[in-house]
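Trainee: Turn these sequences into a full structure, and let the hints guide you.
Chain by chain, the residues:
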Amino acid sequence: MPTINLRGAQKNYGVNSANAVSDLDLEIRDGEFMCLLGPSGCGKTTTLRMIAGLENLSGGEIRVGDRVVDCVSGGVFVPPEKREMGLVFQSYALWPHLTIERNTDFGLRLRKLPKAEREERVERVMQALDIAKYRDRYPSQLSGGQQQRVALARMLAINPGVLLLDEPLSNLDARLRLEMRAELKRLHKEFKTTIVFVTHDQWEAMTLATTIAVMNEGTLQQIGTPNDIYDRPANRFVAEFVGSPPINILDFGDPGTSDVTDKAEAYLAAHLPGLRSIGSVGIRPEAIGYAARTEDVPEGSFSGETTVTGVLPTGGNWILELRTDNHTLFLTTHVPPRVEQGARVLFFAPPEALHVFDADGRRIAEADDRLRSTATYN
Amino acid sequence: MALLSESAKAVAAANGPAAPTAWQAWRYRLKVALREPTTLIGVLTALLFTYLIVVPIISIVLDAARVQFGHERRLSKDVGEFTLYYLDRVLFSPVSADLFWRPLLNTLSVAMGAILLSLVIGTVLAWLISRTDMFGRRWFATALIVPYMLPAWTFALAWTTLFKNRTVGGQPGWLEAVGLTPPDWLAYGRFPITIILALHYTPFVILLFGSALRRFDSQLEDSARILGARHHQVALQIILPLMRPALLSSMVLIFAKCLGEFGVPYVLGLPVKFEVLSTSLFRSIASRQTGVAGVIAGSIMLIGIITLLIDARLVREARRFVTIGSKGSMDRQSRLGRMRLPAAGFAATVFLMSVGLPLLTLFLSTIMKLPARFTLDNFTLDYWIGRDLDTVALKTGILLSPDLWAAAKNTLTIVGLASVTSGILGLLVGYVVIRTPVRLLSVYLRQVTFLPYLVPGIAFAAAYLSLFAVPRGPMPALYGTVVILVLALIADQMPYASRAGISAMTQLGKDPEEAAQIAGAGWLRRMTSIVIPIQKGSLVTGVLLPFISGIKGLSLFVILAVPSTDVLTTYSLRLVDYHYTQAANAVVLIIAAIAYLGTLITQKLTRTNLAEGLGS
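Quick note, the sequences are listed as chains A and B, same order. The letter at position 278 of the first sequence is residue 278 when you use the working numbering, and the numbering goes up by one with no holes. The letter at position 512 of the second sequence is residue 1512 when you use the working numbering, and the numbering goes up by one with no holes.
It is possible that some hints are incorrect.
[Unchecked claim] Between beta-carbon pairs, the in silico distance windows are:
{"id": "1", "chain 1": "B", "residue 1": "ALA1235", "chain 2": "A", "residue 2": "GLN141", "range": "45 to 51 Å"}
{"id": "2", "chain 1": "A", "residue 1": "TRP203", "chain 2": "B", "residue 2": "LEU1048", "range": "31 to 37 Å"}
{"id": "3", "chain 1": "B", "residue 1": "ARG1214", "chain 2": "A", "residue 2": "GLU179", "range": "57 to 63 Å"}
{"id": "4", "chain 1": "B", "residue 1": "LEU1048", "chain 2": "A", "residue 2": "SER140", "range": "35 to 41 Å"}
{"id": "5", "chain 1": "B", "residue 1": "ILE1306", "chain 2": "A", "residue 2": "SER40", "range": "41 to 47 Å"}
{"id": "6", "chain 1": "A", "residue 1": "GLY145", "chain 2": "B", "residue 2": "PHE1346", "range": "50 to 56 Å"}
{"id": "7", "chain 1": "B", "residue 1": "ARG1244", "chain 2": "A", "residue 2": "ARG323", "range": "52 to 58 Å"}
{"id": "8", "chain 1": "A", "residue 1": "ASN326", "chain 2": "B", "residue 2": "SER1503", "range": "40 to 46 Å"}
[Said to hold, decoys possible] The calculated BS3-like cross-link candidates involving lysine-lysine, where the alpha carbons are at most 25 Å apart (straight line), are:
{"id": "9", "chain 1": "A", "residue 1": "LYS112", "chain 2": "A", "residue 2": "LYS192"}
{"id": "10", "chain 1": "B", "residue 1": "LYS1395", "chain 2": "A", "residue 2": "LYS82"}
{"id": "11", "chain 1": "A", "residue 1": "LYS82", "chain 2": "B", "residue 2": "LYS1077"}
{"id": "12", "chain 1": "B", "residue 1": "LYS1510", "chain 2": "B", "residue 2": "LYS1536"}
{"id": "13", "chain 1": "A", "residue 1": "LYS133", "chain 2": "A", "residue 2": "LYS185"}
{"id": "14", "chain 1": "A", "residue 1": "LYS115", "chain 2": "A", "residue 2": "LYS133"}
Derived by calculation from the structure, the hints in this document are not laboratory data. Virtual Cβ for every residue (Gly too), placed ideally from N, Cα, C.
Mentor: Structure (structure tokens):
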């Protein structure tokens, strides 16, 4: 499948309503496993449906390779049935009046393939997804997980160049979800399809995708590898959306209102001389350490005094809730904590763990680079 | 120049497409909208229904304000010119009392009486059926709905069979025959009409009130009781206020139905000149007073529309009472104790009065030579299957009469054709309403197909007569043909058909069809292999329901049918007019049997309780 290109794609439902998707540029390369990640209502499903052709554009264009499949100003619209893509719906959308085998066979019949080939391909995907034993049943006789497999098989049978998945795992229980994740990764390898996957679940995105596109309020926030997204979030939205417990943000609003932000400001002023207009700084919970005594705090790290107000075990890991004057910080650790609730401790974070954002919430790349080089000096 | 345009292209390519101009955006939208036949079908059906529903209504309203043929001299204006003469005649002239005001008062009083009576009987029965341990409550739940499945004037005929007195010629009623002359007030007019309409529409109350009672969250009751409320306090302060929307709604619906009811007042009102709006309209049409008919039909429509707007408001209001779902809506029953038997007795009495007695009377009347004489030699099957009878016309039993079979054939073709068409159109409308990207089209189709619901059948028929009685444009005069009946019936059934179609398509959702689209299926393919197979059941219902209601329908046919296009209902009415009581009763029994069996078959086929789809 050639590269799919969205350029300036836009969607609004009605003249006066806000854009569901605005000015979206997105490139999906052959063989990629791309996740569209974002909170509900962020436009990710609309984007997927625009790629499939189930939703027409309000502006911009979509190309598949050199072929324009959808373009408002060019007056081009290729209907979904001519785009040769596969889409697995959140509701699975199995046809209730057809057996599992006929459901799987539907697309092949439309393509008027010879019977022998049809049977062979149906057999192959049904085997691959382990649903061959249900071939004569109707969808209503299957469990959610089995229906999910049929929905996948139905689309894989036509061997689409790109497989679009709309939150396909959200209706499954936790165990099945894990199994299906592994299954999807295996299928991606086996069938060598490009996959575009919509989810609001960051772990799903992190574990599956080769590329993640984070969206919010109809606009693309960041696109990159899972590590990029996590380690170098392009803005505060991405930083706060990805990660659990969420990143700790110290907002440099009015100086003097909070001891810990003042400290952070002073720390950054010292480490990043000449850098103005810092709006906030973020520290991931797992990058924060704590110590009982000042001498145990690593030199050069950002630190401060705090009170432990909560110790929350999560089974194998612990979340510590730390309270400094009027800020709450969370830190996570996999070492059993040696402190009680109410203890006074020092928290600390190495300079390379600080994510610096400007007043508009955008990442200041220069600051991150300089802080990381500081770290290597030490 | 060339260089410039090259670089301009490069810039455009680098920046992605430029923002579309308004024209480009419009052209694109049009292309998307016309890509599939959905919008085209939508536009075509919208045009069709505009012609079949909106134009007739406009036509009759215009008739009311234009000089009609034959009045040029009197009004010294040409035919078709604007005039207020008819409005004045119906509303203000000396004859207005006979034409409009008295019929209006009669309509209102009969409707109010019927509403009160059916509310009293209906609420008690609804409560007994849904919330008590009355004997045989399951059986009664179905049995007490039967009156609604039968044509209302079945009861009117049964009533005349029993109570007809010497005011009217023909075979005497049973009471008259045994020497007890019933007074006119008992035999004809307001009293019997009110009673019959009340019995006929009681199922409405039982269903609407009963379902509200069943959905009622018994935790609301329990909370009141825990706070110390007694039984009657709970009933008056908690249950009744919450039931008010259901009660008001059934009142309004009964009123709307009474407004259009023709058969009952025609059979029972005529002998004593007791007129309601529908019979007054019928008389104006029969005497070719087109302008006057226009005014009366317009008034009936107006009252109908106002009534149903009130209902829509009540339904909205009722939503305020929707309590957040809970597990409390369990089927809790009150124990009747000693009252168990009397309660069942009451339900049985209502059943006997509203189903058993009328049907038995009708049936006996068709196998008895002389009324009310229960001797063996008085019984005969001649009226059903006799030959060479000693009568002026209709010399054979009804089953051997070619007229009956012609009427039956007409009924089947006309009603059959109309219901198949409206069933299919209903599904199409549902499809377009849910799927079209053109919102305006969707809204218009939804509204226009609902419009006939606001217009009582008799007024709608008058509107058809006004539009199609004379040739207009390419359309020849349709009066007297089967076509006008089929068209009117289709239009009349569209509210139910389209509502069924819309709800079926809403339930189906977009996903199965979109999945087929993704798999590569074009529109036609999706319709034939996905949408129609899945919607098979609702298509069957969408055809059968209009069929049943068409079979027992009278008001449309009575205006639009002529002897050559007689259907069973008009045929039996004609027999009533000729005083062939036994034959008329036999035909009505046949109609009732078809309607009842049809309802049962539909219920079996769709495994639904038709009672819930009531209102059709």
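Trainee: Give a verdict on every hint.
Mentor: Tested hints:
| no. | hint | verdict |
| --- | --- | --- |
| 1 | B:ALA1235 / A:GLN141: 45 to 51 Å | 46 Å, holds |
| 2 | A:TRP203 / B:LEU1048: 31 to 37 Å | 55 Å, violated |
| 3 | B:ARG1214 / A:GLU179: 57 to 63 Å | 43 Å, violated |
| 4 | B:LEU1048 / A:SER140: 35 to 41 Å | 37 Å, holds |
| 5 | B:ILE1306 / A:SER40: 41 to 47 Å | 44 Å, holds |
| 6 | A:GLY145 / B:PHE1346: 50 to 56 Å | 54 Å, holds |
| 7 | B:ARG1244 / A:ARG323: 52 to 58 Å | 55 Å, holds |
| 8 | A:ASN326 / B:SER1503: 40 to 46 Å | 55 Å, violated |
| 9 | A:LYS112 / A:LYS192 | 24 Å, holds |
| 10 | B:LYS1395 / A:LYS82 | 70 Å, violated |
| 11 | A:LYS82 / B:LYS1077 | 65 Å, violated |
| 12 | B:LYS1510 / B:LYS1536 | 17 Å, holds |
| 13 | A:LYS133 / A:LYS185 | 23 Å, holds |
| 14 | A:LYS115 / A:LYS133 | 20 Å, holds |
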